[in-house]
Each structure stands twice: as C-alpha cells, then as structure tokens.
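> Letter by letter, the chains look like this.
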Amino acid sequence: MTNLVEVRGLVKTFKRRDGTEVRAVRGINLDIAQGEVFSLLGPNGAGKTTTISMISGLLAPTQGDATIGGFSITKQPMQAKKLLGVVPQEIALYPTLTARQNLDFFGKMAGLGGKELAKSVDEVLDFIDLKDRQKDRIDTFSGGMKRRVNIGVGLLHKPQLVYMDEPTVGIDPQSRRRILDTVIQLRDEYRMTVLYTTHLMEEAQELSNRVGIIDHGEIIALGTVGDLIQQIGEEDRLIFSVGEQQIENDFLQQFEAIVGITKVTYQSRELNVAPGLEDSAELVIAKKSTGTMVAVRSGQVKDGEIVVYAKRGRKALPELLRIADDAGVNIFSVEVREPDLEAVFLHLTGRALRD
Amino acid sequence: MISKLWAIAWKEVYRTFTDRSLILIMIATPLLISTIVGLAFGGLGGGDVPVQDIPVAIINRDVGSSFGANYGQIYTSAFIGSGDSTAGDSSNSAPVCDQVAAETSGDNRSSMTLDALTEAVIFDAAAAQSLVDANTITVPEGEPDSDTYLEAAARAAVDNGTYTALILIPEDFSQKMSYIPVLHPQIEETGVVVYANSGRAVAAGIIRSIVGGITNQIATGNIAIAATFGQITDNYGLATMGQAAGSMDFASAFACAFDPAFTTITIDSQSVEGASANATGVILVMVGSSQAMFFALFTAQFGVLSMHDERRNWTLQRLLTTPTPRWVILAGKLFGVFVTVLFQLVMLMIALTLVGSLLQGTFTLIWGSNLFLVALVLLATGLAVSGLGMLLAGLARTPEQAQTFGPVVNIGLAVLGGAFGFQLPQAIAGFSLIYWGQNAFSQLAAGQSDIALNLIVLAVQGAVMFLVGLVLFNRGFEAV
Chain G
14 MTNLVEVRGL VKTFKRRDGT EVRAVRGINL DIAQGEVFSL LGPNGAGKTT TISMISGLLA
74 PTQGDATIGG FSITKQPMQA KKLLGVVPQE IALYPTLTAR QNLDFFGKMA GLGGKELAKS
134 VDEVLDFIDL KDRQKDRIDT FSGGMKRRVN IGVGLLHKPQ LVYMDEPTVG IDPQSRRRIL
194 DTVIQLRDEY RMTVLYTTHL MEEAQELSNR VGIIDHGEII ALGTVGDLIQ QIGEEDRLIF
254 SVGEQQIEND FLQQFEAIVG ITKVTYQSRE LNVAPGLEDS AELVIAKKST GTMVAVRSGQ
314 VKDGEIVVYA KRGRKALPEL LRIADDAGVN IFSVEVREPD LEAVFLHLTG RALRD
Chain A
4 MISKLWAIAW KEVYRTFTDR SLILIMIATP LLISTIVGLA FGGLGGGDVP VQDIPVAIIN
64 RDVGSSFGAN YGQIYTSAFI GSGDSTAGDS SNSAPVCDQV AAETSGDNRS SMTLDALTEA
124 VIFDAAAAQS LVDANTITVP EGEPDSDTYL EAAARAAVDN GTYTALILIP EDFSQKMSYI
184 PVLHPQIEET GVVVYANSGR AVAAGIIRSI VGGITNQIAT GNIAIAATFG QITDNYGLAT
244 MGQAAGSMDF ASAFACAFDP AFTTITIDSQ SVEGASANAT GVILVMVGSS QAMFFALFTA
304 QFGVLSMHDE RRNWTLQRLL TTPTPRWVIL AGKLFGVFVT VLFQLVMLMI ALTLVGSLLQ
364 GTFTLIWGSN LFLVALVLLA TGLAVSGLGM LLAGLARTPE QAQTFGPVVN IGLAVLGGAF
424 GFQLPQAIAG FSLIYWGQNA FSQLAAGQSD IALNLIVLAV QGAVMFLVGL VLFNRGFEAV
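These protein sequence lines map, in sequence, to chains G and A.
Using our numbering, you'd call the opening residue of the first sequence number 14 and step up by one each time.
Using our numbering, you'd call the opening residue of the second sequence number 4 and step up by one each time.
Think of the hints as simulated: they come from the structure by calculation, not from any bench.
All figures in this text were calculated on a predicted structure; none of them were measured in a lab.
A virtual CB, placed ideally from N, CA and C, is assigned to each residue, including glycine.
Some hints here could point you the wrong way.
As the list claims (entries may be wrong) - To spell it out: a stretch of chain A is covered by chain G in this simulated footprint if at least three of its residues, at any positions, have a beta carbon under 8 Å from a beta carbon of chain G; those stretches are:
no. : segment
1   : 153-165
2   : 285-299
3   : 324-330
Unchecked claim - Short, incomplete list of chain G residues facing chain A, as computed with Cβ under 10 Å:
no. : residue
4   : Gly-40
5   : Pro-90
6   : Gln-102
7   : Asp-117
8   : Ala-123
Isolated chain A (complex conformation) (with noise of 0.2 Å):
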C-alpha cells in the first residue's frame, strides 16, 4: 500500500514540477516580486547596508535590577552607540566589568552598534516638544514630561512617518528580567514594546527583528546564570552561596554578570552585527518567505481541487477500479500536494539564498544557520498551507465555487500576513499563518531561535485545518 501511496503522491508532484506554466506560477513569480523588493530595498555589493538610517525612537523607562543592572541599557548602546551621551554609556558600568570586558572581547563595542542602519534617538520630552511646535505631530492634552504624554507623542511620531518604530522599554524590565531562582524566586512576564508604522513593513520587521534579537539573548544569558546560581545552591547550599557572596570576588563576578556593558559584548555581537550585515537577506526573507507562502497556499488548493478534475477525466474512477483502497488514493493525493508545497517552498528558498548571495557579493545563507529549525519551520508552514487548502477544498461544493472564493481567503491572509508590504498590529495579522511563517522564518534569519509558538501555531492550525477539511471532502469522495 505504502508504494501505491508514494507512487500517486510522485505522480501528483512528477506532474506539478513538469507543467512550465504552473512552474512559472509557483516558482518564478514569487522569486520575481521578491528580488524586485530586495533589489529595491537592498541593493547590490557586499559591503552596502541600503536600508540605513531607519528613525527609531527609543523611550528606555527601565530603572534597573535590584542587583544593579539596567538591560534597557543594551538596547539604546546597541541602537544608539557607545558615544552617545546617553545610551551605552560606560559610566553605567561597574568599573570591574570594564576590565572584564576588554580581557573578554576586547574593545569593540562600537564597532557593534547600529549607526550604519539606524538613526536612532532617545524620544524624551524635549524632543516630544519640538515635533509639537513644529506641528508635525498632534498630542493630547497633558503633562509633557509624563509617561503617557511620551509615549502618545513618541506613537504619533511612529504613525506620522517621523520614525519608523519606537522601542519603549518598560521600567521593570531589567527587575523581571533579573531571575534568579534563589534569591529572586517569582516569574513575571516583561517585554519591550516595539511600535511600527505599519506603511514600512521591511523596516519595522528589521529593527523588530534586532529587538527581538536582543531581548532573546539577554533572556538566554539569564537563564544561564540563573541555572549557575540554582545549580551551586544545590550542590552547596544555601549557607554557602551567601558566604561566596560576601566575597570580593563573587560580587565582581557577580556584578559583571549582569551589567549591561558586559552583557551587551558578550551575548549582543552576533546578532547586532550579523542584522547589520544582513540587512538584504532579511528583506529576502521578510518578502520571499510572505511570497512563498501566499503562493504555496494557491498550490496546495489547486492540488486539492485537482481531485475534481480526475473525476471529471475519469482517471479517479479507473484509479477506484484498482485493487487500491480508497484511503490510499486520497491520502496519496495529499500527501503529494503536501511534498509540492515543501518543494515549491524549498526551491523559492535555494533560489531566493542564491539571490541574496548575489546580492551582498558572498554566499550567505540569508535562512538562518540554524537549519534544523529551518526545515522544522518549512515544514510547519507546508502543513498550514495544506491544511486550507484541504479545508476550503473540503468547505466547497463545487470546484468552481472553491475557485471563487479560495483566491479571495489567500489574499485576505496575505494582507493580514504582511505579504503585501505594510504589516498590520500583530493582533490582527496572528490570524494569518502567513504573519506565523514569515516571522519565524524572519527570526531564524536575524539568529534568533524562539520560534516554538510560530512552530505550535502552524502546526496546530494546519493539523486542525487538515483534519475538517479531509472529514467534509472525504464526504464527497465517497459519493464518487
């Protein structure tokens, strides 16, 4: 049976790959919008940030841990730079953690920050003021030097074109962030909040990529420290973790460990550099992986739907006349629109990898290196996509009618989804697998790797999808 299932499934994808019109739907136009947008926004050569100097404004309310760091530091020094006279600067730093971080990394802090793609600011009440003077933005009535006025103004500031997203770090983000099981037992949920106008999708998507980045890895390198501290505890107790910490060199250790200067070295070069590096192979990602997928969601509808066609030429008869059940042919049918999608999507990738190594003058792989989750997303993404397509395949009672309104649902993803160039809040774009996909693929891309929600939700709505939609079509089937 299973060589029946792979011979149909072969069949099914043999004649998709060998049809050059379909090629030309599935593979071609996609990768055509795609370098369109990454020539356009991305440029040419290696050394070219095109993207550069995207405004952002940053409102850092963090007021520091109870062990005396400040995390939102690292964001202003990553964004801003270690010479601006506000973020980054070292004057925050316990002077230990200096000399800690030259031995480590040596001085090279500016050389990490993200001057060449950012032009970035801190949003305070001075700089609230003048875009009122000036007219450009209109806030309500309040106090100006009080939170609510400066975000208002710093969110009108986003929403009128002045910067493409404001970073607003909230005041006890460095204190939730701070967990240590011992002495700071309680988990509670902190977050930066990153505000973008949504008219600069690829923008927006690139510094939401590097803030995600960086919240990532300061959550990583607490974790770490935090499993440190539980596992010395436990080996020795608790009696002894208080008298190391009366020592000179525990508190230095200690200190470092969370100052933002040295964190920022030690957990922040990859990513702040490689998002500069790769700012054309985030756009490819960005585009490309939203094109992939609005175009793989028509693949796998037309694979269904197919299905019709085969009754209509009869060849699904003969194929019922077989000695081959018909769980077997149905499941063969999809399984091969299934491996179409991974392979329409899989060849956009090579493709769009090889663009954007033409593009920056070197072979990158713009995906990510991580490829194990590359392909767990890739794989997540043709089962959403698969999935409706089963379920609209199976909602239809007519082909005609699925090839009415199925093109009108895919269109409707792909605006939620950001596909079309401008993202809408993430409330409202959650509802399309497309925003799933493409910001896990985007997340890869810019070296983060927390894409197990992304991975859950694709996984769970193709799975759901693909069930309801083989229950109704499996009705009209058996009616063949």
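So here's chain G without its partners, still in its complex pose (with noise of 0.2 Å):
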C-alpha cells in the first residue's frame, strides 16, 4: 500500500526563557498508509500535540521532515497544505458568522471558488445533515451540531488526509456515535486518511487500522491494535477486590501456582481523610473498592486488590475462587479484564491514558 504521510527523524526543541531547551518531539519515524485510519495515542505531555502541529504545519521542525503526498511540509508547505484538512478538539468557527458562511470562508482559505466552493459547501452540508440549518449562526447550535459543522470544515476541499483532534470530546452520547460513524464512512466509502487523536480506547479500537503510541517524544510502539496486544503476551488480569483483610504471600503463592498464571500481584491503599482534617475528631466517609461506603480516619481501613495476569483467565477463575474460599479469603468482587489498548498503553507507558 502506498504511503501518503512520511515522517522521518522529526525533532522538535522549544526553548524555555531561561535559556534552555526543551526536547519535545526525539526523532519520531512514521508512516501512514493511504485509505487507513491511524490513530495516535499518548498521555498529554508525550509529545502527540507537538508531532500533529509539525505535520500539519503550525509548527517548523528542528530537524527531520515529513511529506504529504509526496510533498515536503518544509519545503513546498502551500502543496501539502492542499492536501490537508484538519478537524481541531476546539470548535474552530467564526460564532456570529452562519454555518454556510463559516464552510464560504473556510473554503475560499482552502483554495476553493466560484461554482465549485458552491457545491463542495452543498455537499458538506449534506454530508453533515445540516442542510436545514444552513442559514443559522453557529453561537444558536448544540455542541454536536458544531462539531459536524467543525468535521465539515475539513472535508470542504475533498483532503487526501484528514486530522482529527478528538472530535468527540464534551458530546452527547448519539453525537459520538454519528461522527465515529462519519470517519468509519470517510475511511470506507472516499477512501480518506484518517489520522486520529484520542483519549478513548475503545475509540481508536473501534476505528483504527493501525495504532502508534507515542511518549516522551518518541513513539514506543507501533502496529495493528491486534499486533499491540500480542506484543505485551495477550494476558488476561483477573482482579479481586478484598478489601481491609490481611493477605499472606502463602495465599498469593498459591494462586501462582495454577496452570496458565503468570503473575499475581497484591496492592493495599489506604483510605485516607481529606488534608487538614488529620486532627479531626469527625470520621469521613470514604468509598471501597467493594462498593462499600464507610467511616474512616487516616490509616484505618485499607482496601486491597490482587491482580492475576493469566493466558486465559476466565479458566482458571474457578480454581482461583476455590482457593480464596479454602483459605478463608472474602472475594467481595471479580473483574475479568481482556487485554485491550488500554492494557497495552498502562503496559507500556505505566499510565494510564487519561493521567
């Protein structure tokens, strides 16, 4: 498959006012296949936002290149740019301006005129479903309205790529699902280039071909979401909720003991008062991991949890209950947790998305 973005040893270095760098974005490699969606991933401060700016060009790199279509964002910027539509997190419009003045103007910036603006604008509206609402300012629409009109912005010009910036963010359920529905359509039926951000997993599983996965400035993995998983051994994580009991290490070595178990790890907390109420007399109310609501003062109640990572570890559940049950061990619950790209992001960053 052809590659319609090439990105090879992009560097990006800010300087802070105190005279020193920062090395934001360290020689990231990257190719993006033409008619996939990708989606790129990170924890806020990985260098994500930095990388997408470079390529769409709103920020010059320090060293290294990447190309649209073959054409160089530093050398025949204006070329790339055609071939670029961008779809930003923030809703990118003029307010008091209609939504058919907003796509007008946004598609004369994009090079567009005349009888052809026209009937892109036209289009865009169709595809949107906002045809009625032409007319209307942007500041009357919901939150979902404007994005479409946002998302259409960045399809005026019929781009060979478009980027996305969580476009579903601060949106009602069905307004997610029409624009997950909208790339799924861009992808399938124009054969458009998705490069995806998102916070939501479940999002970038559902939609992408390929995932990278960028931190610190660089990108530590890169692949189909099926290739990810297979990476960090496709374990299972069986997770007991066990709340204030005192768990023996001969307990734990029990469980590592079963066939297909390959770790099992035990973490306590401890429910602690809010800051500055140490010396107070009154209890707070602090929620457990079981569910449970109850009273405590620092130090006093601790929830515990042991994670089983297993091959298959709705298998070895059974087992796993008779053990507790044998040794006296209250299980007050059980998650079963498929591996997912939320486990291989924790995995490999050792954070979670959202930290």
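Both chains are sitting in their own frames, so use the hints and assemble them into the complex.
Okay, structure coming up:
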C-alpha cells in the first residue's frame, strides 16, 4: 500500500525563557498508508500535539521532515497543506457567522472558489446533515451540531489526509456515535486517510487500522491493535477486591501455582481523610473498592486488590475462587479484563491514558 | 492570494458590522455625543447662527506693505465690519479701487462681516486700561502704550474669559505677504496669531478656522498675482515691466491688486459667509471628527487584538493549516481593520451630515465641498488610527496588557487633541493624531484646503506606527 504520510527523524526543541531547551519530540519516524485510519495515542505532554502540529504545518520542525502525498512540509508547505484537512478539538468556527458562511470562508482559504466552492459547501452540508440549518448562526447550534460543522470545514476541499483531534470530546453519546460513523464512512466510502487522536481507547480500537503510541517524544509502539496486544503477551487480568483483609504471601503463591497464571500482585491502599482534616475528631466517608461506603480516619482502613495475569483468565477463575474459599479469604468482586489497547498503553507507559 | 486576503478582510468587516453591541459603541455613541454637542451649540433652524457674539479681541499692528496694501485690515473689516470706525475703513482704500470693487462684486462688503457670529473689538490701550481699572485682568508693570503691555493685557483677557480669542496681526504682515518675485524676491514667513481660550474649544475653533481661511486666501491671491507678474517679466522682460509700471492703467490695477478692500471682496466672500452660515456644521465637524477618531482608536485596537481571540478559539491555527501564507492572513486581518475603521468614519460622517442638514434645515455638506481632500484626510486618518492600534497590539505582551493601557493611551490622545471640549496649545496638541485629523476636517469644512501638513503628519505617523507595530506583533504571531 502506498504511504500518504512519511515522517522521518522529526525533532522539535523549544527554548525556555531561562535559555534551557526542552526536546518535545525526539526523532519520530512514521508512515501512514493511503486510506487507513491511524490513531496516535499518548498521555498529556507526550509530544503528540507537537508532532501533529509539525505535520499540519503549524510548527516548523527543528530537525527532520515529513511529506504528505510526496510534498515536504518544510519545502513545499502550500502543496502539502492542499492535501490536508484539519478538524481541531476546539470548535474552530466563527460563532457569529452562519454555518454556510463559515464553510464558504474556510472553503476560500482552502483554495476553492466560484461554483466549485458552492458545490462543495452543498455537499458538505448534506454530509453533515445540516442543510436545513445552513443559514443559522453557529452560536445557536448545539454542541453536536457545532462538532459536525467543525468536521465539515475540514472536508470541504476533499483532502487526502484528514487530521481529527479528539472530535468526540464533550458531546452526547448519540452525536459521538454519529461522528464515529462519519470517520468510518470517510475511510470506507471516500477512501480518505484519517489521522486520529483520542483519549478513548475504545474509539481508537474501533476505528483504527493502526495505532502509534507516543511517550516522552518518541514512538514506543506502532502497529495494529492486534499486534500491540500480541506485543504485551495477550494476557487477561483478573482483579479480585479483598477489602481490608490481611493477605499472606502463601496465599498469593497458591494462586501463582495454577497453570496458565504468569503473575500475581497484591496492592493495598489506605483510605485517607482529606488533607487538613487529620486532627479532626469527625470521621469522613470513603468508598472502598468493594463498593461499600465506610467512615474512616487516616490509616484506619485498607482496601486491597489482587491482580492475576493469566493467558486464559476465565478458565482459571473457578480454581482461584476455590483456593480463596479454602483459605477463608472473602472475595467481594471479580473483574475480568481481556487484553485491550488500554492494557497495552498501561503496559508500555506505566500510566493510564487519562493520567 | 489577493482573493484570500479580501476574504479575510471582508470577514473582519462583516463580523464587526453585524455585531449590534459593536455598532452601538462604534457609531451610535460618537454620533449621539456629537449631536448633543451640536444641538447644544448649534441649535435648530437654518437661518439661526446660535453660536453668536463670540467675543474676539483684535490687535492689528500691520503697518502695510511698501506697495501700500494693508492686509491686517482684511481681518478687522471681516470681524468688525465696514461700519466700524477703525476696521475696514474705506478711507484706507485707493479711491480707484472702490470703483473696481463695486463693479466686480457689488456693494456687499457689509453683508459679509461676521457681526452676527462674533462680537469683535480692536483691542487698544484704552480697552486694556478699562479692564485693568475694573480689576478684570492683571498685567505686569509696563508702559500701557507699549506692544508688549497691550499683548499681555489681551492675552490675560482671553485667559480670564473676557474674550474667546485674540487675533494678533504682526507689524510686517502685509510686507511679508506681498511676495513679488521681481520686486520683492525674498520669501519670508509670517503669520497671524490666534490665542484662544482653552475652555471654549468650539468657539475658539470657529475663530481659528475663519482666520485660517482669510489668511489662506490672501496668500492664494498673492501667489496668483506674483505668478502673473513673474509671467509678464519672463515673457516681456524687466524693462517692459518697468514701462508698464509707469502707466496709469497699470498703476491703478497694481494698487487694486493689493488693496485690502478689493481683496476682501474678491477672496473673502465665500469663507466669511460660509463660516457664518455653517457654524452648526463647523461645530459638528469639530466635535464629530474628534469623537469619530477617538472611538475609531478603540475599533482599531480591538480589531488587531482580535487576532489573540482567533488564536484562543483556534480559528487562527485552522487558517494556518490551510494553503494560505502567514503574511496573507496577517495582511488580510490588518486590511480588514483598516477598512472597518474607514467604514466607521464614513458612516459617522454621513450620519453627521444628515444631522447637520436637519439642524440647518437644508442639505449641507458640513465636511466641505472638496470631497477629494475629505477622502484623503479620511484615508490618512484611517491609516494613523490603524497604525496606533497595530503599535499598541505589538507593544503589548498579552492581550490583557493591551486592553489595560490601550484605553489610557486613547483617552490621553483625546485630551491632547481636544476631543473633550478644551483645546491645548498646538505645541502640545500636535502630539495627538486626533488634533491633526480634527484640524484637517475643520479646515476643509471652513472651505480651506491647506491641509498638506496634516496629511503628511497623519500618513507618516500612521505608516511608522503601523510598520513598527507590525514587526513587533509578527514576532508573537510567528510563534503560533
């Protein structure tokens, strides 16, 4: 498959006011094939926005280059930008202009004019299903409708590459579903290439042909969702909530002895009172992982969790429960987490995506 | 690229003029202020001249030129009238010229005086003494008949409000104004001093306009005469000129050319009558133009600063991801601000013209009939106002900073420029672009066209501020 986007050795260094330098992006190499949905995932501050800002021409790279459709973003930025449509996370529209006026204006900026512009605007209004509201000002629209116009602006000039930055943030589930369907439609019907960023793993998992995980300015994993799960060993996670019971090492070793189980960990955390209330005679209410609400003072209650990593966790579950029963350990709840992108991300970065 | 630049500029103008609250600030407020002032000072009805009996003191020290002309008398006859015992006395005219004057313009000199508009007096030692005796003014010790004593007394009388303005015509005024390349080739500067009470800006402005108009037209008349003489000398030689000078016909024509009575009739009729009848218009122009520029300063600043809003709302970043060069985006935005300012000024001028016409009961071009020059002043003013907006936006590190000190600068300029009803001396007022704009509009409204200096000051000031602001602002813009 032909690559639409090729990123080679992209580096971005920012200078702080004190003269020191921060290397936000440290030599990224990346290919995005024509017609695929590629999701770039990374925690805040990982370098995701800086990378995409360079690809979309907002920031000049310190080193390296990227091409869109063979056009260098540093040497032929105007040609490269003609192939790019951007859908920012923010509603980047003029609120006092109508939907049609916004589309007209950004269409002109994309290089359209005359009948071609009018035709494109009509098509986009149809596509985002807002033709009947085209003459209404944007500030009279609901959040979901604004998002749709925001997407529409990025599609006006039928770009080969559409960059969508968290397009489903802050909208209702119905509108969210509509936007996800739009992305699928762009890929499957219009054969557009989509560069997608999101905090929602299920979105990335549903939409993406391939995923790149970025952390500390570097791509640390790249491939299909299946590839990445394979990479971390395809393990299920069984999470047992044991509340404030004392868990002995012997008991954990019994778990580990079961065939197919690769690792067992036990974590216990104290339910603390809020800072500043340590000396208070009053008790505060805290929620335990068991779901129960308890009144505690600092350090009074421990909330324990046993995590079992297994190749086929569901199969080992009855045996694990029997051992716990025999040992007199009460299991308040069990959660089986099959390997997903969230697990991959956690495994690779040590952080949840929302951290 | 040009179509994109237009699209950005048009978007700016459209967004501004479809925002009701902005319209209220940009157009309605200055229009209301100007109309209220116009009504207060201008009154209703076309025949009335509600700003009337403006007390004016005149000291005419002009001793006349070597050709016998005394231009100082033009001022006294204009302000005091031919019936006055001192000023405009026909006995000062060459007899032959009375005949010429009557033939060319009719006996209408008395109708052209500013009797209705002003209450002018020749300020002499007796007038000074009566004010000193009445303890109305205090003058430093000195010989009551001396020039310095008289001038100090007149100035003190203006300062305490006895007079709105003092018109001081220097001794050598006529001599220096009588510029003839062959006979009197040196070019020397001279001028009539108008010392005005800063608390009566409107009335003082009217007097200043009238004096400026008369001076300008004396100079224009003399230049024409000088050019004629120059042409005769060039074509026929100095000897022929000398022969011609010896003839009776030439002598009478020459004398009349410099005769104050004659020149008053031929070159002063429009400005004097115009100033009288158009007093309401002059007030509207003075107040309206300064208010329009004051409010336009805010429009320009907020227009440039809206770039920060675009950055915050991500529309700027979205524009930067389109195949549009940065300079086009910035130029389009700034051009939009410039056009918005021009629209604002034009709309205010049209609205004030309508108000002025209503007040006078007939359609009146209160901004003057020289629409080309009005348009030039408009463009220069728009450039200066936009330039200041650009400079402030460039100097400010944050939009909040600009929003804090921008209004302070604007109000400061308005105070200096006389937009708040009191006029400071020109040496100070000249620091304000509002002064130069208002002065240019007022001069055009009074039928004068000597506004080259105003245009140069406004355009150069505007261009320099615009460029410096652009460089400073662009640094931040590049970092987007």
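> Hint by hint, note whether the structure agrees.
Results for each hint:
no.: 1; hint: 153-165; in the structure: violated (count 0)
no.: 2; hint: 285-299; in the structure: violated (count 0)
no.: 3; hint: 324-330; in the structure: holds (count 5)
no.: 4; hint: Gly-40; in the structure: violated, 23 Å
no.: 5; hint: Pro-90; in the structure: holds, 8 Å
no.: 6; hint: Gln-102; in the structure: holds, 8 Å
no.: 7; hint: Asp-117; in the structure: holds, 9 Å
no.: 8; hint: Ala-123; in the structure: holds, 5 Å
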